[in-house]
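Could you build all of it, start to finish, from the sequences and the hints given here?
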Amino acid sequence: MKKGQPQMTKPPLPEAGSSTATDVLSRSDDDLKLPLWAQLKVWLMSQITSGQLPPHAQLPSEADLCRRFGVSRTVVREALKQLVMEQRIYKMQGKGSFVSEPRTDQDFVGSTMSFTSDLQRSGHIVTRRLLNQSLRAPTEQEARLLQLTEEETEVVELDRVLCVDGEPRTRVLAVLRASAVPGLAAAPIGNRSLYQTLQQRYGIFLKKAERWISAANADAGSASLLQIEPGSAVLNIQSVSTDQNGRQIELYFAQHRTDKSRLHFFIK
1 MKKGQPQMTK
11 PPLPEAGSST
21 ATDVLSRSDD
31 DLKLPLWAQL
41 KVWLMSQITS
51 GQLPPHAQLP
61 SEADLCRRFG
71 VSRTVVREAL
81 KQLVMEQRIY
91 KMQGKGSFVS
101 EPRTDQDFVG
111 STMSFTSDLQ
121 RSGHIVTRRL
131 LNQSLRAPTE
141 QEARLLQLTE
151 EETEVVELDR
161 VLCVDGEPRT
171 RVLAVLRASA
181 VPGLAAAPIG
191 NRSLYQTLQQ
201 RYGIFLKKAE
211 RWISAANADA
221 GSASLLQIEP
231 GSAVLNIQSV
241 STDQNGRQIE
251 LYFAQHRTDK
261 SRLHFFIK
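All residue numbers for the sequence shown refer to full-length UniProt numbering, where the first residue is 1 and numbers rise by one.
Read the hints as simulated data drawn from the structure, not as lab findings.
Careful, some of the hints might be misleading.
Said to hold, decoys possible - Distance windows between CB atoms, simulated:
id: 1; residue 1: Gln200; residue 2: His124; range: 19 to 27 Å
id: 2; residue 1: Phe253; residue 2: Val84; range: 27 to 35 Å
id: 3; residue 1: Ala63; residue 2: Gln238; range: 42 to 50 Å
id: 4; residue 1: Asp259; residue 2: Thr49; range: 15 to 23 Å
Quick reminder that beta carbons are idealized off the backbone N, C-alpha and C, glycines included.
As structure tokens, this is what we get:
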């Protein structure tokens, strides 16, 4: 079976009419008084988090859940709808509902670390696929955001796809102040960390960044690179990073998949 292919196995369900079946949806705290759909959702989540329902395993059918727990199809559909909205399960037309892969947390939005630092510390394998590395003239927007002087007529473009454990996760188009990074356009950066290269080759340490995030739908080009369906939800991220001397060094535009990870913010 190919990686990511839905498994057609189902978890053991309590027998209809048994004490287990009748108790599963009545164990909530009396003070909470959860509706039946919420109780069923809690039970399904317990099967997912415990590993009884691993990633891509098929959930019991609506009819099976109705019969086993003695609830209406409306109750079952609401529970499944909520799990789909939370991206804990996904549906395949004509086949049923399946468990989504767990999403990793990524901290790059809330820090000046590179995209990869936190993921690598968590044991993930991070690679980068180079799409373009070149020296070119800046656009008006790039010149303004990087605060380039009239004498600074070139920027370095670095366009790459970040992959986590072999799976495309984020496309990042980085634009750097060429005067601060001489030779970078021809440097063998390929799969290397940009931020480590800035530190080791140029003595540049990015100290702060300003970022803007918006929701969007992937166009055909980005969808192909990220291996998702056109129109899938993505996050657009724009960032301007400043070094230890107060210079705007890097501007990047990123498109981030939302189905494989969450973005983690720490605010104080």
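Handout entry: Unsatisfied constraints (hint numbers, rising)
Key = Result: no hint breaks.
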